[in-house]
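Asks: Now for the letters of each chain:
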Amino acid sequence: MITYEWLYILAGIFFAIWALLSLRDGCKGNAAFWALLAGSFLFGSHFSDLVNGLLVLAMVGIAGLGGLKRSDPPTTSVEERATSSARLGNRLFLPALIVPLTAVAGTLLYNYTPLGETGLFEERRETLLLFGIGVLVALVVAMLWLKPPALAPAEEGRRLLDSIGWAAILPQMLAALGAVFALAGVGDIIGGVAGSVIPEGSVFLTVMVYALGMALFTMIMGNAFAAFPVMAAAIGIPLLVQQYGGNPAVIGAVGMLAGFCGTLMTPMAANFNIVPAALLELKDQNAVIREQVGTALPLWVCNVAIIYVGAFLLWN
Amino acid sequence: MNYWPLAGIAIVVIGFALRFNPLMVVVGAALATGVLAGLDLVAVIEALGKAFNDNRYISVTWIILTVIGLLERYGLQQRARTVIEGMRGATMGRLLVIYLAFRQLTAALGMKDIGGHPQAVRPLVAPMAEAAAEKTHGDLAEDEREKVKAMAAATDNVGLFFGEDIFFAIASILLIQGVFESAGYPLTPLQLSVWAIPTAICAFLIHGSRILAMDRRLGRVAR
Numbered sequence: 001m002i003t004y005e006w007l008y009i010l011a012g013i014f015f016a017i018w019a020l021l022s023l024r025d026g027c028k029g030n031a032a033f034w035a036l037l038a039g040s041f042l043f044g045s046h047f048s049d050l051v052n053g054l055l056v057l058a059m060v061g062i063a064g065l066g067g068l069k070r071s072d073p074p075t076t077s078v079e080e081r082a083t084s085s086a087r088l089g090n091r092l093f094l095p096a097l098i099v100p101l102t103a104v105a106g107t108l109l110y111n112y113t114p115l116g117e118t119g120l121f122e123e124r125r126e127t128l129l130l131f132g133i134g135v136l137v138a139l140v141v142a143m144l145w146l147k148p149p150a151l152a153p154a155e156e157g158r159r160l161l162d163s164i165g166w167a168a169i170l171p172q173m174l175a176a177l178g179a180v181f182a183l184a185g186v187g188d189i190i191g192g193v194a195g196s197v198i199p200e201g202s203v204f205l206t207v208m209v210y211a212l213g214m215a216l217f218t219m220i221m222g223n224a225f226a227a228f229p230v231m232a233a234a235i236g237i238p239l240l241v242q243q244y245g246g247n248p249a250v251i252g253a254v255g256m257l258a259g260f261c262g263t264l265m266t267p268m269a270a271n272f273n274i275v276p277a278a279l280l281e282l283k284d285q286n287a288v289i290r291e292q293v294g295t296a297l298p299l300w301v302c303n304v305a306i307i308y309v310g311a312f313l314l315w316n
Numbered sequence: 317m318n319y320w321p322l323a324g325i326a327i328v329v330i331g332f333a334l335r336f337n338p339l340m341v342v343v344g345a346a347l348a349t350g351v352l353a354g355l356d357l358v359a360v361i362e363a364l365g366k367a368f369n370d371n372r373y374i375s376v377t378w379i380i381l382t383v384i385g386l387l388e389r390y391g392l393q394q395r396a397r398t399v400i401e402g403m404r405g406a407t408m409g410r411l412l413v414i415y416l417a418f419r420q421l422t423a424a425l426g427m428k429d430i431g432g433h434p435q436a437v438r439p440l441v442a443p444m445a446e447a448a449a450e451k452t453h454g455d456l457a458e459d460e461r462e463k464v465k466a467m468a469a470a471t472d473n474v475g476l477f478f479g480e481d482i483f484f485a486i487a488s489i490l491l492i493q494g495v496f497e498s499a500g501y502p503l504t505p506l507q508l509s510v511w512a513i514p515t516a517i518c519a520f521l522i523h524g525s526r527i528l529a530m531d532r533r534l535g536r537v538a539r
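Keeping their order, the protein sequence lines are chains A and B. In terms of my numbering, the first sequence has 23 at position 23, counting the first letter as 1, and numbering is strictly consecutive. In terms of my numbering, the second sequence has 496 at position 180, counting the first letter as 1, and numbering is strictly consecutive.
Any given hint could turn out to be false.
Beta-carbon label-pair distances, calculated as ranges [as the list claims (entries may be wrong)]: (1) B:G500 <-> A:F204: 20 to 28 angstroms; (2) A:R91 <-> B:A457: 41 to 49 angstroms; (3) A:R24 <-> B:K451: 23 to 31 angstroms; (4) A:A58 <-> B:K451: 52 to 60 angstroms.
Derived by calculation from the structure, the hints in this document are not laboratory data. Glycine residues also receive a C-beta, built at the ideal position from the N, C-alpha and C atoms.
Please model the complete structure; the sequences and the hints are all you need to start from.
Replies: Okay, structure coming up:
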């Protein structure tokens, strides 16, 4: 049976290669950072929690001290790209499409044909596993078709990864923060506060408080990923799912999207709202947020309605 | 009740406001929250390590960068540019609405790196929107020009956020799945992603009509 552990080893190998290439390039900080991440992927399941924790602290230390730099591996020039883009045409999109198609078509096939009975994939893990397989297939197809130098995919991947830098592990780190918040009972505290505000028995008001909490907490944290575990533990699961019997899929999915409305309205979500203002050389740092508020507010109202209708009216 | 763990939230707010490295801020908030909740420091580091380890699947998706990077080497961005430039002659309104649809649909298919601010908005979408607006309305005032550019950036965000969750191998869907599974509610990514569709349609209608309204307003100010 193919499990997540296979995927972790695959990703661990990728990160290890990126670490080695960084080392060869003289980027010691990058090399150490990606090597630690590779270690987490390859051996994390065998390390104790404390070793994993120290590994996280070491990575954060490197990033916090400015050890991660942009890299500049050799690549093609703009002119060369224009020429090959004209020569290869829209076929260039095909290898990129292999990954989503493998994941989507594969998941549908696996769930709605007897294929699922083979037990090839770990239960409910098939999509991400198929994603990993799709990446390998796309890589092989692109290598056979374009015949680049052997190290090209690794170097090009490193170029993109280093342009993302420490932000690459921020979502995973925010998920970990959410888990620590849950352990410390932050969700319970907020849930207690929220619970004392919500009148007993009002499903609609509870939905509103849940969606409002997602949006506000996302604005504070800059990321719906950190808000979600807290609000789900505080209101979504205990009140909406358990007490009022709502549909968990709707409450989970649309609750997250209510949080995304908050992302549109906060300078904390720097890479979406502040970085583009700088890139476009706008005078007002908050100009992008200003254009987004008019979309975020009515859309948030839509999300409240979708949760209420989808999770309660249609479900019961 | 002990309200001290909420100090972690304050640390996040202050840390971001002072522009410290976000990873430092997040870990600092996690350690402070745990300690203020009465756990000892080693236990908090263990909890952080376990949670980071359990959530590795979120960062697995970066392996796709090898494929995208390799295709960029052969002109993927230039090709995307050519395709969109084929739609020249459109107004700013139509151009941004088409980009919104393009961004939502490609994100829904898992190609969320096809757009983006450095790769698409700065070199392509914003200048084209500006040029299209000037074609229809004549020279723009400085603040109108800023608004058009900001709207181009906003359109990228809205398209990405309310398209990507339809693709089920995306980190946020996996996070929702993980949270509900640990609470005893096993869900498949597909069950979650179909519920991103109603919001995606609302987002297209709301943001699309705001883009078109802006295009009309620009005309009125110019006259």
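Asks: Which earlier hints can't be squared with this structure?
Replies: Of the numbered hints given earlier, the structure breaks just one, which is hint 3.
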